[in-house]
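For the protein sequence lines, the chains are C and Y, in the order given. Just so you know, the first sequence maps onto residues 1 to 417 in this note's numbering. Just so you know, the second sequence maps onto residues 1 to 182 in this note's numbering.
You may find that some hints are simply not true.
Unchecked claim - Output of the computed footprint for chain C on chain Y, the stretches with three or more beta carbons under 8 Å from beta carbons of chain C:
no. : segment
1   : 39 to 47
2   : 76 to 86
3   : 113 to 122
4   : 143 to 154
In case anyone wonders, no lab produced these hints; they're calculated from the structure. Bear in mind the structure is a predicted one, so any value in this text is a computation, not a measurement. All residues carry an ideal CB built from backbone N, CA and C; glycine is no exception.
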Amino acid sequence: MAIGCGVDEPTAERYLGDGAFRRGVLERSLWRPDLPYSRSLLASYALGDAGWDLLSPMTELTALVTRADSEALQAGRALSLDDAEPVAGAGSDVDALPSDEAAWVALGKRVFERLPMRPDGFLRYLVGTPEIWQRVGIRERADGTLRGIVKYRDVRGDVRVGLTCALCHASPSDDAALAAAPALQRNGDSINGRADRGLDLGLARALASEASGVSADPRLRSWGAGRVDVTDDGVNTPTAVPDLWAMPYKTHLNHSGVIKIVSPATSAVRFETQYVLGHRMETRPRRALTWALSRYIAALQPPAPPSAPSVPPSAELARGKALFGERCASCHRPDRGFAGEMVLASQLMHDPAVATTPERGTGYYKVPSLVGVRYGAPYLHDGSEPTLASLLERGHPRGRAISGDDQRALIAYLETL
Amino acid sequence: MTRFKTTFIALCVALAALVSVAGCGTDRAFESRLEVSYVSGHLGTDQGCSSNAKLADIAGACAADVPNCGGYGGCEEGAVTLQLANTGNVTLLGLQLDSLLLQIVGGNQSALSVLDVKRDDGSAFDGKLEPNASIKIRVRFPAPGYQKVPKGATIEAVIVTGGGKQQRVITPELHVLPTVAT
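Based on the provided sequences and hints, a complete structural model is requested.
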């Protein structure tokens, strides 16, 4: 299959060592440079003698938060970093780069699970208040750790509680699913890459705010589990946390496609700026870590398709595949991982709000990849359609015309992707 | 005699020229030079702020391990980080922030009150900078709030040396701190 990028052939060395290359990737990927989100990155990223290149690097000693840390916070004690270790692993040499793709991916897995994307005051409250864990979808694992929540010392020297990619983009799974998952995606009781649709960060933030005597923005409680509002523009536009597989096939990032994937380095640049923004623009991640993360995300795969006994009759599948070719494939291109270019939000049936936010609104929605779509419910950018059937009936302009046996056949085919 | 006098005068002129050049060189050798570069900045956020809370006591600003350190709502001051470089070869003393001006995109200019000026590692800034050294300082100010700066703002910072020399830097357009950042 062709991939949705390939304008150039970046290597780790070019991303790591060539500021002009990074700047070029950023400029070409932000195809709407007029938007505030784009302007904020263009003003400061990869300028060389000014801007974020001058930031001090992040500290890399972190530890997953445990029940013991929760008890310390409840008792008013300081968090200990005695159990912290480098993100790259105990005894790792920060000057030594991985020697091959497998080693980059392995490092990326640790970054995904252990490098704090941002500190957050509400996380400290969350860790220290175990009675709300179940309510907001936090699950203590058998080893006492909380997935995706770490402690570390920030650039100011203060001990913080931060979240990693694994808080939102990994999901608790049953033993059978875990056994079937690739080793590089297993993360304790969870599978990396699959969004945690039971995690309610809006509620967690609201409870934390109220606990400190500050009235919570009522919009936080409206997000619901598995959804967050990623823009700070005064407009309440919570979106579904996406699964992270099929990255090699994507043409754009973010629901409104504000970032065009122009190179395999686009996601590394994206992650780098994401960490900088998350840490209040006070520090930057080591680029070897963001390159490793980009390689890891590119390697993530959905769980295997259903086993043979549950696969529908081949005739139905064939009919579904033919229908897909007729009705769906012009946008969800099979040769591009069933993803496609952008579509005007005004041509779709669902809420255009996310496509028109002041900060990142392009007027378009990206056409998502359908790889692993059987695991993607609820559907659409805002998670408003609970099933593929409801999506076809209510949420998709071409789906309405497909009903009865045709709809069943199409869904049967989609569930094999 | 005349020839000797002419030669003597020529030597004096040459010597004077040398002294002059040397004098300029001496001045340059002890000249202090401050270069100020923009590093990063944001306008903070007033989300989750309590109207009666001290900004410095909010969770984003105080150490996470300090008991009762404040709110959890994400309230955060604005901040600008600058790099100060001494490219001369005398120690700079008495460096300080002279003024901080907010220029709202499409709006007015106003002076910002400064909460504190520290080095970027959180340590105190003593206003001293050795030759050929550079440091980063972080200037914090109250978040103006999204409603006031929906389209962002630039900030002009003026740094003065103990000798009264000024260096001015204007940031690119800064924005409210994202509370989710994804």
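Each hint tested on the structure:
| no. | hint | verdict |
| --- | --- | --- |
| 1 | 39 to 47 | holds (count 6) |
| 2 | 76 to 86 | holds (count 4) |
| 3 | 113 to 122 | holds (count 3) |
| 4 | 143 to 154 | holds (count 5) |
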